[in-house]
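Just need the whole structure built from these sequences, with the hints factored in.
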Amino acid sequence: MHRVGGSESVVGMVGRIPVMNVTPVIDPSTNLLGQPTTLAAKGTVGEPFPVTANVFREGHDKLGAEVVLIDPKGKRHPPVAMLKDAHVPDKYSAWVTPDAPGLWHFEIQSWSDTVGTWQHAAGLKIPAGVDVDLMFTEGRLVLERVLKGLPRGHKKGPDADVLKAAIATTKDQKRPVGAKLAALQAPELAAVLTKYPLRDLMSTVGPYPVYADRQRALYGSWYEFFPRSEGATLDEATGKVTSGSFRTAMKRLDAVAEMGFDIIYMPPIHPIGEVNRKGPNNTLTPGPDDPGSPWAIGSKHGGHDAIHPDLGTFDDFDAFVARAGELGLEVALDLALQAAPDHPWATEHPEFFTTRADGTIAYAENPPKKYQDIYPINFDNDYPAFYAEVLRVVRLWMSHGVRVFRVDNPHTKTLGFWEELLREIRRTDPDVIFLSEAFTRPSMMHGLGAIGYHQSYTYFTWRTHKWEIEQYLNEVSHVSSHLMRPNFFVNTPDILHAFLQYGGPPAFKIRAVLAAMGSPSWGVYAGYELFEHVAVKPGSEEYLDTEKFQIRVRDWDAATASGRTLAPYLTELNRIRREHPALQLLRNVTIHQSDDDHVLVFSKTAHDPAFGDPGDTVLVVLNLDPHGTRETTIHLDMPALGLAWDASFVAEDEITGQKFTWWEHDYVRLDPHHEPAHILTVRRAG
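To convert, note that position 98 of the sequence shown is 98 in full-length UniProt numbering; the numbers rise steadily by one, no gaps.
I should point out that these hints are in silico values taken from the structure, not numbers from a laboratory.
Computed cross-link-like contacts, BS3-like style, restricted to lysine-lysine with a CA-CA straight-line distance of at most 25 Å: (1) 148 - 164; (2) 195 - 164; (3) 413 - 369; (4) 62 - 148; (5) 148 - 171; (6) 155 - 171; (7) 240 - 300; (8) 62 - 91; (9) 125 - 164; (10) 370 - 537.
Written out as C-alpha cells, the structure reads:
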C-alpha cells in the first residue's frame, strides 16, 4: 500500500513521489488457499543488506528517499538515507543491518525535498542575478520551517544556533549578495539541513519482509565425514574391515576442530537396507560383508528414527554431540527422504511410495542412473501422514542436540512440503538451519531458498575458468543473495571434479582458497586434505572405491607424520576467515582486473561497525592454473578498497607474512607449486 503525507488513504498503485523496482523483494505468489503472499528475503543478524529502488518524480524539483527498518517487535528504527547512484538514473540505495533474529520489515519513504530544491535553484539564480531577493525570502521561509520542526530538546543548542544565524543572513540587506549566498552554502548549515530534512508530499511503500537468521546460517566452515570410516580397522590377513562408531569417530573431532571448522556433517547414520544393497563402486553384486550405501535408509533394525547398530546407541550419539559442542563444533545430520525396500515404511506405509502397473514399488532413477536400493517418496498419496512422520523424525533428532540438517536432493520433493515443514520448525526453533543439496535448475535452487532453506550447495564445483568464476561470485553475492545463501563445498562424496583429478596438490590449494575466501560458508569432505583424486574411470566424477558404498580406512597419523596433508593449509584459511569480518559476509564481493586469464582478483570489505573494524578489507589474488607460474599486472578498483585512485597502501600477505606497497596497478608472480595465492590484508600506507 502507498501512503501519502502520513495518511492511510490508498492512492492508486503509485505514490506521489513514485518508488518502483524495490529490492530485496521476492516476487509475490499465492499460497495453497489462493491468497497472495510475499516470501521473506534472506537476512542475517549483523549482516548489512542493500535496499535499492527507482525513485523519481515529475519536473525538476528535488526529492529524497530513506529506508526504515522495523524489527520483529514492531519497533521502527531511525531512517537511513538512500543515496543516488552516480551511474544509474533514478536508482537510490542504502545499507541497513538487522541486529536481532526474527522477521523484520523495511519501508521506503520518498518525499519532495523542499530544502534541496531551494538550494539548487539558489545556486543557479542568485549568481546569475535572477530573482535574487525572492530567492533569499524563500530561503528564509524554508529555514524557518526547519527551525520550527526541530525535535523537542533541539530547539536550543548548536543546530538551532546555526539555523538562526542563517535566517538572519537572509534578512541582512547590508551584506553583499555573494557573501550571503556563501553563508547559506556553508558546510555546517548543509550538515544541519541534511540532519533535519523537510519531507513534503511523503509517500511510503512497503512493508517488505526480511527474515534475519543467526550468523551460522550465513557463515561457517563445514567438514564432512562418514562415522563408520573414522576409527575403522583393516585386518591385513583377512582383508576384513571393522566399522568405526560414534565412539571412535569422536576421537577425530579434535583434529577437525583444530583445523578451525565449525560444523561436523555426517551422512545418514540410520540402518542400511539389505534388499538390493549395492556393493563397492555401485555394483549390483555385494558381498556378505559389504556395508551398503548410507542413503539406502531402513532395514529390520529401523528407519529414519533409528541408528545403525554398528555406529552405537543413542547414548553414544549424545556423547558424540556433547564432545563436538565442547570443541565448538555443531553437528549436522543428513535428512534424506527416501527409503530402502526393507524400510519399515515399505510395509507400514506403502502409500508413501509409487506403485507401478505390475504392482511393484518404483525405485529411484535418474536415467541412465538407477538406484535399485532406494524407493523415492510420493508426496501426493497421503501428504498429511507423511508430513507428520517427517516432522516427528526431525524433532526427534533436534531433541538430541541437532540444530543443523543437510537435506539430500530436496529438489525432487515438492516446494510446498518444504515450505510447510521449515516454517513450522522456524516457528518453534528458529535457530535450526537447513542446507539444501540441490544441484539443479536455478529456479528450483532459488525457490528452495525463498521458501525457507538457509543455505544451498552451488555450481561452484564446476566453475573453474576465470570468467565463469567472476560471473558466479557476482551472481551469488549480489544477484541472488536475497534468495539463496551459497555454501562452496570443494568436494563431496558424489563430486570429484576433473580439476582435482589432474591438477595435483596445487589444485587442492587453489580450490580451497577460492571457496574459503569467496563464500562465507564453505565445506570440505574428508580425504581432501590427503589429496584423494583418483576417479572410478576416466570422465567420471565418482571416486574410485567411493566411500558411499564401502568403508575407507585412512591413516591420519601417518599422513601427518609424512607431511603429505593439506590440513595445516586448511587451518590457516579458517584462521584468516575468523580474524577477518569481511570474509564472514556475502554481499561484499568486488571483482578486480588482471591481464592474465588465469589470475583472478577479488576483494571483500566489511563496512559495518557491528563487525569490528569498519575498514577491514581482504584482497585475494589467485593463480587458477595448477600447472604453471603466472606473472601479470593487476588493476585494482581503489574506491572499492576505500582508497583514492592515486593512493598507495600496504598489502600484508596472511599466508607468507610478506608486505608489499601497492597502487592501482601492480605486478604479481604466483607459482602454484609454492603458493598459488596472495591473501592480503589491506592496510593504509603509513
